[in-house]
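Asker: Sequence:
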Amino acid sequence: MRLTLALLSLLALAGCSSWQADPQDIKPVPQERLRGFQTPVENGGEVVVTRDFGLRGGGCYVAVMIDRKIAARIHVGEQVHLQVPAGMRIVSIESDPEDDTLCGMGNLLREKAARIEPGQTLHFRISADNTIGFDIQPVEAD
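Numbering-wise, the sequence shown is residues 1 to 142 according to my numbering.
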């Protein structure tokens with residue numbers, strides 16, 4: 001009986017972690033949730049951010065930021081392409097400042113420094129798990 005309860009508890013906790021979506025299941029962030037960085041920049045690059053599927057925070061948007069300016073409000077299984085100037089950039093996620101529900105009242109802030117070369121595309125993945133919550137990490141393009 002104890003073993004069964006322990007296994008069920010572990011299974012419930014694991015169910016809150018996110019998983020990377022198959023490329024055919026990813027949808028673009030809708031136009032109404034884009035906030036900037038959509039116009040190509042001369043000698044600039046591109047940042048592509050994809051959010052995992054999962055239950056943790058699944059009802060909430062996460063704000064994707066470039067240089068601490070909101071670029072998009074992203075939901076699970078979505079991807080956004082952002083046009084940025086070349087150079088050092090801060091790619092980050094934070095609680096959605098446009099959300100006045102509990103989702104927007106969190107203290108989420110995860111930042112990564114990224115060097116973007118002209119013509120380069122960098123990919124980032126937003127994941128969530130029970131130990132660290134949300135995170136954003138650079139990933140290799142497929």
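Treat the hints with care, since some could be wrong.
[What the hints assert, rightly or not] Heads up, simulated DSS-like pairs for lysine-lysine below, C-alpha to C-alpha not over 27 Å straight-line:
1. Lys112 - Lys69
2. Lys69 - Lys27
3. Lys112 - Lys27
Since the hints were derived computationally from the structure, they do not count as laboratory data.
Asker: Now tell me if each hint is right for this structure.
Answerer: Evaluated hints:
At roughly 14 Å between alpha-carbon atoms, Lys112 and Lys69 fall within 27 Å of each other, so this suggested pair holds. Taken as a hint, the Lys69 and Lys27 pair is honoured in the structure, with Cα atoms around 23 Å apart against an allowance of 27 Å. Between Lys112 and Lys27 the alpha-carbon distance is near 24 Å, which keeps this suggested pair within the 27 Å criterion.
In this structure, every one of the numbered hints holds.
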